[in-house]
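A.B. asks: First to last, the sequence lines map onto chains A and B.
With our numbering applied, the first sequence has no gaps in its numbers, which climb one by one up to 292 at the end.
With our numbering applied, the second sequence has no gaps in its numbers, which climb one by one up to 292 at the end.
Since the hints were derived computationally from the structure, they do not count as laboratory data.
Just so you know, not all the hints are guaranteed correct.
Since copy identity is lost for identical chains, a pair holds within one copy or between any two.
[Unchecked claim] 25 Å max Cα-Cα, derived SDA-like pairs, lysine to any residue:
id	residue 1	residue 2
1	Lys211	Val175
2	Lys211	Asp223
3	Lys289	Asp223
4	Lys164	Glu140
5	Lys289	Thr129
6	Lys289	Phe216
7	Lys211	Lys289
8	Lys211	Ala259
9	Lys289	Arg207
10	Lys164	Ala27
11	Lys211	Gly278
12	Lys211	Glu281
13	Lys61	Gly114
14	Lys289	Ala210
15	Lys44	Ala136
16	Lys28	Arg173
Please read these numbers as outputs of a predicted model, since none were measured by experiment.
There are 2 protein chains.
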Amino acid sequence: MTAKPRVAKIRFNKLVVIGVGLIGGSFALALKKAKLVKQVVGVGRSRGNLKDALRLGVIDQAETDAAKAVAGADLVLVGAPVGQMPGIFARIAPALSPQTVVTDAGSTKQDVIAAARRHLGAHFSMFVPAHPIAGTEHSGAAAAFPELFRGRNLILLPQHETRASALRLVKSAWQACGARIVWLDAAEHDEIFGAVSHLPHVIAFALMNQLGRRRDAKRLLGFSGGGLRDTVRIAGSSPEMWRDICIANREALLPLLDGSIAELEAARDALANADGDALEAMFRGGREARARWLLKNAK
Amino acid sequence: MTAKPRVAKIRFNKLVVIGVGLIGGSFALALKKAKLVKQVVGVGRSRGNLKDALRLGVIDQAETDAAKAVAGADLVLVGAPVGQMPGIFARIAPALSPQTVVTDAGSTKQDVIAAARRHLGAHFSMFVPAHPIAGTEHSGAAAAFPELFRGRNLILLPQHETRASALRLVKSAWQACGARIVWLDAAEHDEIFGAVSHLPHVIAFALMNQLGRRRDAKRLLGFSGGGLRDTVRIAGSSPEMWRDICIANREALLPLLDGSIAELEAARDALANADGDALEAMFRGGREARARWLLKNAK
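Just chain A, with the same shape it has in the complex (with noise of 0.2 Å):
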């Protein structure tokens, strides 16, 4: 009789979350519902949010000094706005012990990874690059739930400096919580989400503000169905978060947008020139595009 094969199991005794919101605060609740962590450490600018996230067992010990916090640390997830990565690096690079693996949630990464080079000094081998594709339009610990990784993808981008053991421990560390590794190349990254998330994002902030600002907005709205209800749900999403995901990603994200003014100037003049050909053939190209889309994903 042979004895089973252990299966070595990663376990973390400190697990520290810089920015302890929808995204860093699932991540805490995912891995200690699966148990695989002894203590987690929460970080935070807000102490509202921080007392949140203890009372709901997101976090055991709350810490506003993210240097004190990540002392002992196994692994560090920093999930704060990317527009704070470079400051928090900083702020941590003098007191990680060498062991601690830190890794990211932020999305965009050739900024982050350039950001991490720059302040982490050595400590840069230990950092695995990462970025859940999850989410939803709240945010705050009190938004977080373990399951939101469960069958999503995660993008894994490890640099030829990063450690096969650094990588190893952050892989599954979200196998963990379910998600599907995916690797990808930083630049090739940040173009597609610049498309398939940055670009809609901004296109919803930009129609719901202008709905918004009209002064007949209140009785506009209460007309409206459940089509713009659902073009600008993701118009619900932090402004701070989605302003530094922009910026960061703005060299992507500027011809994607010239593209869609481009696009609905082309749409402007079919509705000037009253040419329904040109009009429906747009609408006809969008609607194919994503029942194809859909077919594929579907699969």
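Got chain A; can you put chain B on it based on the hints?
C.D. replies: Positioned in the frame of chain A, the structure of chain B alone reads:
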């Protein structure tokens, strides 16, 4: 002992639905379910769709000639794309019996009312302009279901010529479908729905067309999350129907589309200048407008 007052229930011997799509089909199904209609005759251009409608019990008889179909009808609902309505009104006008009430479900009202006034002649007093605020991104008789209008707004726009008896009949029919009656002026209607419905549709079609045209569309869209999916859900709608709506309502839609272009240009400039404050202000404006709207609608 007094007798319970008898509620005068409307009852249709013959309902004709011209354009047996999601709206026309659901109207027929709802009246059938309420046992208020004896016979439904469906008129359409597509034999396949009429066959579906017959097979699914949406209609009892299919007809391709609208003039032949309307003979002896109690009620005619024109549910075709608004671009076809002038032709339909012209075709049925000579064939209408004096007692036949005509109504429509067009998404634009000034043009439909003008077309009815022009083409229905003396019968215009029996025409009741209406617009049910309901729909999904699916089209065709197969997408119809009797509960579509339950709790949804039905806009009624009687003209000074409209006979009270015709108005009462149409109002009762929609109430029997579970709709909530709302009264609007045609110009205000077109402005409101230009903003909360037609504009979002153009934007969703345009975004999906922009992304779908890319060579890397397949790979790109494979990475998208739920955000894009909701933002472009309504790009699944009928291109022909929306072409007609946009062309018909272009006077209201043009300045709205200009507003969207200006909004995206402002976002573009903020991005180009890395002006995080301007970008955040726009995002915050959008988020707050959405929050106010949802709060009001939840009441």
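A.B. asks: Cα distance capped at 25 Å. Does lysine 211 pair with glutamate 281 within a copy, between copies, both, or neither?
C.D. replies: So lysine 211 and glutamate 281 pass the 25 Å test across copies only (12 Å; inside, 34 Å).
A.B. asks: As a check of your reading, is lysine 211 near aspartate 223 (CA-CA no more than 25 Å) within one copy, between copies, both or neither?
C.D. replies: both (18 Å within a copy, 23 Å between copies)
A.B. asks: Since the copies are identical, ignore which copy is meant and state whether lysine 289 and threonine 129 lie within 25 Å (CA to CA) inside a copy, between copies, both or neither.
C.D. replies: both (23 Å within a copy, 21 Å between copies)
A.B. asks: At most 25 Å between C-alpha atoms: does lysine 164 with alanine 27 qualify within a copy, between copies, both, or neither?
C.D. replies: Classified as within; 15 Å inside a copy, 58 Å across copies.
A.B. asks: Between the shortest in-copy and the shortest cross-copy C-alpha distance, which are at most 25 Å for lysine 289 and arginine 207: within, between, both, or neither?
C.D. replies: For lysine 289 and arginine 207, the Cα distance is within 25 Å only across copies (16 Å; inside one copy 40 Å).
A.B. asks: How would you label the pair lysine 44, alanine 136 (within, between, both, or neither) given a Cα cut-off of 25 Å?
C.D. replies: Result: close within a single copy only, 14 Å intra versus 48 Å inter.
A.B. asks: When no copy is specified for lysine 211 and alanine 259, does a C-alpha distance of 25 Å or less occur within a copy, between copies, both, or neither?
C.D. replies: Answer is between: at 24 Å across copies they meet the 25 Å cutoff, but 30 Å inside does not.
A.B. asks: Checking an output row: lysine 289 and alanine 210, CA cutoff 25 Å. Within, between, both or neither?
C.D. replies: For lysine 289 and alanine 210, the Cα distance is within 25 Å only across copies (12 Å; inside one copy 38 Å).
A.B. asks: Between copies, within a copy, both or neither: which fits lysine 211 and glycine 278 at Cα up to 25 Å?
C.D. replies: For lysine 211 and glycine 278, the Cα distance is within 25 Å only across copies (14 Å; inside one copy 33 Å).
A.B. asks: At most 25 Å between alpha carbons: which applies to lysine 211 and lysine 289, within, between, both or neither?
C.D. replies: between (39 Å within a copy, 8 Å between copies)
A.B. asks: 25 Å Cα cut-off: does lysine 164 pair with glutamate 140 within a copy, between copies, both or neither?
C.D. replies: within (17 Å within a copy, 47 Å between copies)
A.B. asks: Could you figure out if lysine 289 and phenylalanine 216 sit no more than 25 Å apart (CA to CA) within one copy, between two copies, both or neither?
C.D. replies: between (35 Å within a copy, 12 Å between copies)
Of the numbered hints listed earlier, not one is contradicted by the structure.
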